[in-house]
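K.L.:
Chains G and C are the protein sequences, given in the same order.
The numbering of the first sequence is my numbering, which starts it at 1 and goes up by one.
The numbering of the second sequence is my numbering, which starts it at 1 and goes up by one.
I should point out that these hints are in silico values taken from the structure, not numbers from a laboratory.
What you are looking at is a predicted structure, and each value in this text was computed from that prediction instead of being measured.
Even for Gly, the Cβ is constructed at its ideal location relative to N, Cα and C.
It cannot be assumed that every hint is accurate.
Said to hold, decoys possible - Below, a sample of chain C positions facing chain G; criterion: calculated Cβ distance under 7 Å:
id : residue
1  : V43
2  : A45
3  : G101
4  : L127
5  : L133
6  : G135
7  : L150
8  : P262
9  : A263
10 : R278
11 : E279
12 : M283
13 : R286
14 : S316
15 : V338
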Amino acid sequence: MLRAIVVHVWRETLRDRRALSALVLLAALIAVAVAMGMPDRSRAAAARADAARADREAWLAQGEKNPHSAAHFGQYAFKPERPLAVLDPGLDPFLGTSIWMEAHYQNPASFRPAEDRDSLDRFGPMSAAWLLAATLPLLAIVLAYDRLAGARERGALRLVLAQGVAPSRLLFGTALALTPFVTVPVLATAALGFAWSPEPDGAERAAVFALTWCAYGLVWLLIALTASARGASARGTLSFLLAVWLLAVVVVPRVAADVAERRYPSPPAPLFWEDVSAAMTAGIDGHDPQDSRAKELEAKVLAQHGVERVEDLPISFAGVSLQAGEEFGNGVFDHFHGAEAARLEHQAWVQRAFALVSPLPAARELSRSAAGTDLAHHQHFAAAAEAHRRDLERQLNGEMTAKAKGKDFDWLAAPSFWASVPELRYEPPSWRDLASAVRADALVLAAWLAGAAVLAWMLVRRLGCEDGA
Amino acid sequence: MSLWRHEWRMLWRDRGVLALLLVLGGLLSWSLVSGIAADRARVDALAAVARHEREALAAEKATVERIAAGEEAASPWAGSATSLERQPCLPAPPLYGLSGGQADLQPWAASVSLWKRVDNLFRSHALESPLALAGGRFDAGLLVIVVLPLLLIVLGFDALGADAVSGRAQLLRVQGAGLWQLLCARLGVRAAIALAALLAIGLAGAAGGLDPARLAQWLAIAAAYLAAWGAAIACVAARWRQPAAAAAILVGAWIVVVLLLPAGIALAARLAYPIPPRETLAMELREAEVEAGRRAHDLLGGYVSDHPELSAAAESPDAWMYRYFVVQREIERLTAPVLADFEARREAQRRLGARLAWLSPAALAHHGLLGAAGSGAERQTAFEAQARAFLARWIDTFSAHMFGAKRLAPSDYDALPEFEFVEPPGAAASAASRFAFLGGIAVLLAAFARLSARERPERADRGERRGATSLALS
């Protein structure tokens with residue numbers, strides 16, 4: 001019986017030009033989005049690789065220079081382009097691609113691609129993940145909305161149930177028959193991504209991407225079938241499902257972002273830097289020898305070396321003072337950027353709470369994580385860049401301390417010195433390293449799938465009584 | 001008129017419609033509340049920046065006064081032009097609460113001082129939450145562009161088709177109800193819901209003290225856009241009398257016009273005029289910095305020879321500061337063509353996007369609403385250009401102070417150059433052309449709907465039969 005249901009639904013669906021057209025349209029759009037995204041991504045990856053090379057060359061070509069001037073010149077850290085970003089750019093357009101690592105400042109990542117784009121992009125960037133998020137539910141709705149509601153309207157449902165077909169079997173058979181229609185586009189997209197990705201864990205990431213969107217598609221298929229089973233008419237079911245789609249896909253993600261931002265508001269950038277500057281004034285100003293805290297440090301260093309005058313020190317006090325300023329600044333930045341990271345974490349949890357009314361937030365987070373374009377991946381990169389910046393400042397100030405005695409800021413390091421200062425060699429994490437960040441999302445999506453299945457089973461079971469079989 | 005009254009009563013009896021209205025009411029309220037909160041946050045942030053700036057200058061002035069009065073020892077930085085900093089700000093978009101656009105993402109405050117260059121005025125502003133930016137705000141503009149058309153479709157796609165399927169069509173014909181009148185009445189009462197939403201937005205805007213001219217532009221574009229959708233629904237409902245087919249066509253059109261075309265337009269503009277990655281731009285600046293840094297002594301010498309009155313500067317203990325200053329100006333000179341090319345490409349991409357937007361009423365209305373709200377690209381571009389011009393003016397004014405080691409008198413702090421943003425012209429004309437185009441589409445589609453809504457007994461019957469057959473088969 002189950003086989004007969006599956007074959008019947010399968011044949012009907014293949015005959016239905018609307019469903020097939022929707023499927024072909026979705027596949028074509030994904031293909032176009034990926035095909036257009038690939039050169040874009042290649043260009044971006046090449047540009048960052050070129051920029052990293054150019055930055056190193058500029059660093060090496062500084063010639064004779066004071067190490068502190070070089071510290072202000074700084075180095076750039078370029079976030080590697082993730083291969084699966086071609087499927088899901090995630091947060092990347094709204095996160096900077098590069099961090100300028102300079103003396104005294106822990107800068108946020110700059111060069112956000114979204115800044116240079118048309119505001120139309122905010123409607124939804126043309127990417128495979130966005131198309132799956134927005135149109136996979138519509139495909140499920142088109143496939144399922146009149147399966148049972150339409151049969152009820154025509155009186156066919158009563159006939160089928162009277163023939164002894166169990167409602168749950170009817171639902172299961174229909175869902176089974178329609179499953180390939182919502183999963184094949186996802187699997188094909190993930191396969192494209194896997195073929196494109198040279199990463200060692202590319203297969204794992206593509207599998208997570210595929211599982212996520214397959215589960216999302218199945219949730220919508222079950223919701224649509226359940227609504228169809230309960231709907232009095234195909235028209236009413238379609239209207240209801242479209243309204244649910246609008247709320248769950250268009251409205252909820254924005255309202256969630258809105259609520260999270262209002263609950264934990266971002267500080268305006270000028271005020272953030274004012275606060276940082278105010279906090280920094282409590283520390284040593286390495287540029288100002290008359291600074292009272294610098295005087296205290298001077299007394300301490302003189303005592304350590306058993307001398308009474310700075311001129312008698314075997315080292316450059318300016319280097320010591322600059323490093324002390326850096327150490328103080330590190331504490332200040334740990335405080336302010338730590339607060340920012342905590343705020344973002346809170347925002348993420350507020351957004352997660354909206355997973356109760358839509359499966360999209362959870363699916364979106366999992367997809368971004370698989371593509372390496374989520375917040376956790378960015379923060380991993382930013383942390384590596386900041387660790388490098390602190391090492392860099394330590395090495396430059398150490399060079400000045402050791403060799404600039406008597407000349408301080410007028411002392412110039414030899415051109416050969418710059419090659420001894422390492423560049424940042426960033427190794428992106430594997431998906432498993434950061435999987436814990438999306439564990440809750442995976443659980444939520446699994447709960448949605450299980451909940452949709454249980455609800456469908458419970459509601460469809462009553463069909464036999466209500467439809468008179 | 002009795003037909004309209006009847007349709008109005010029927011509409012309110014439908015529980016599904018009431019549920020949809022409830023949802024719409026919630027969304028409308030949320031969009032307005034969210035808009036008010038966003039607007040207040042921006043206004044508060046601007047006020048805080050202005051307050052900080054005032055306090056910093058007042059503190060600086062007080063120090064100079066104390067030094068002048070002999071109450072405090074002179075310091076190298078007090079009264080120095082190098083210590084001055086101003087923060088030109090872009091005033092909040094007049095209707096920011098209604099349509100935010102990219103205004104939450106782009107820089108709205110600059111930092112102007114003798115230490116800055118034209119390329120780093122807006123640096124380090126990227127602190128907004130990426131989660132909030134990626135999610136986007138649910139504002140009234142989004143409600144108009146995305147939600148209301150879909151609501152109209154759901155309410156009106158079977159305006160005539162439902163009668164064909166239920167068999168009431170024959171009955172209505174017998175009673176002498178014209179199809180066009182019926183269509184107008186049914187869609188008219190449904191469109192009243194969308195108009196009521198616009199009215200609520202208008203009233204909320206007026207009560208909130210929004211600029212009436214801009215509010216009128218915003219509402220006119222929104223009304224024209226929704227009228228175009230109403231006419232399109234009338235057209236499809238009149239032409240395709242099978243509800244399933246009408247729904248498929250309208251939902252398909254909505255997906256194409258509202259979701260796919262805007263995304264496609266943005267992508268096409270990006271591909272047609274690719275902007276060099278900012279990383280490349282940064283490296284051009286680094287190379288210029290190395291090059292200029294190497295020639296810092298020569299550059300300072302050249303500057304001093306051009307300005308003989310500053311000849312003492314090269315030998316002063318502050319020579320490092322002067323060298324830094326001339327190096328920055330040299331970097332600006334060396335990279336000016338690259339920056340100009342970057343800006344030209346960005347502008348070309350923006351212009352192409354604006355031209356292509358005429359292909360999608362949703363994209364066109366979106367740009368129109370942003371223009372009316374003052375959240376569009378033109379205003380942002382104008383601000384960035386004006387902030388850069390202000391930096392140039394600042395440098396012209398105060399570089400001589402720095403080289404001459406002149407100290408500012410307390411009274412100088414009251415006469416510092418002020419930044420005043422000048423609104424770019426053309427917003428009204430642009431809104432009018434968009435309104436006319438969208439209104440034109442609405443009129444054309446309505447005329448087509450009028451033609452399609454003629455009595456076609458044999459075709460209608462065939463449609464009914466076909467509808468019944470397809471439903472029986474499916």
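K.L.:
Give a verdict on every hint.
P.N.:
Hints and how they fare:
| no. | hint | verdict |
| --- | --- | --- |
| 1 | V43 | violated (11 Å) |
| 2 | A45 | holds (4 Å) |
| 3 | G101 | holds (4 Å) |
| 4 | L127 | holds (5 Å) |
| 5 | L133 | holds (4 Å) |
| 6 | G135 | holds (2 Å) |
| 7 | L150 | holds (6 Å) |
| 8 | P262 | holds (4 Å) |
| 9 | A263 | holds (4 Å) |
| 10 | R278 | holds (4 Å) |
| 11 | E279 | holds (4 Å) |
| 12 | M283 | holds (4 Å) |
| 13 | R286 | holds (4 Å) |
| 14 | S316 | violated (14 Å) |
| 15 | V338 | violated (13 Å) |
Hints 1, 14, 15 from the earlier list are contradicted by this structure; the remaining hints agree with it.
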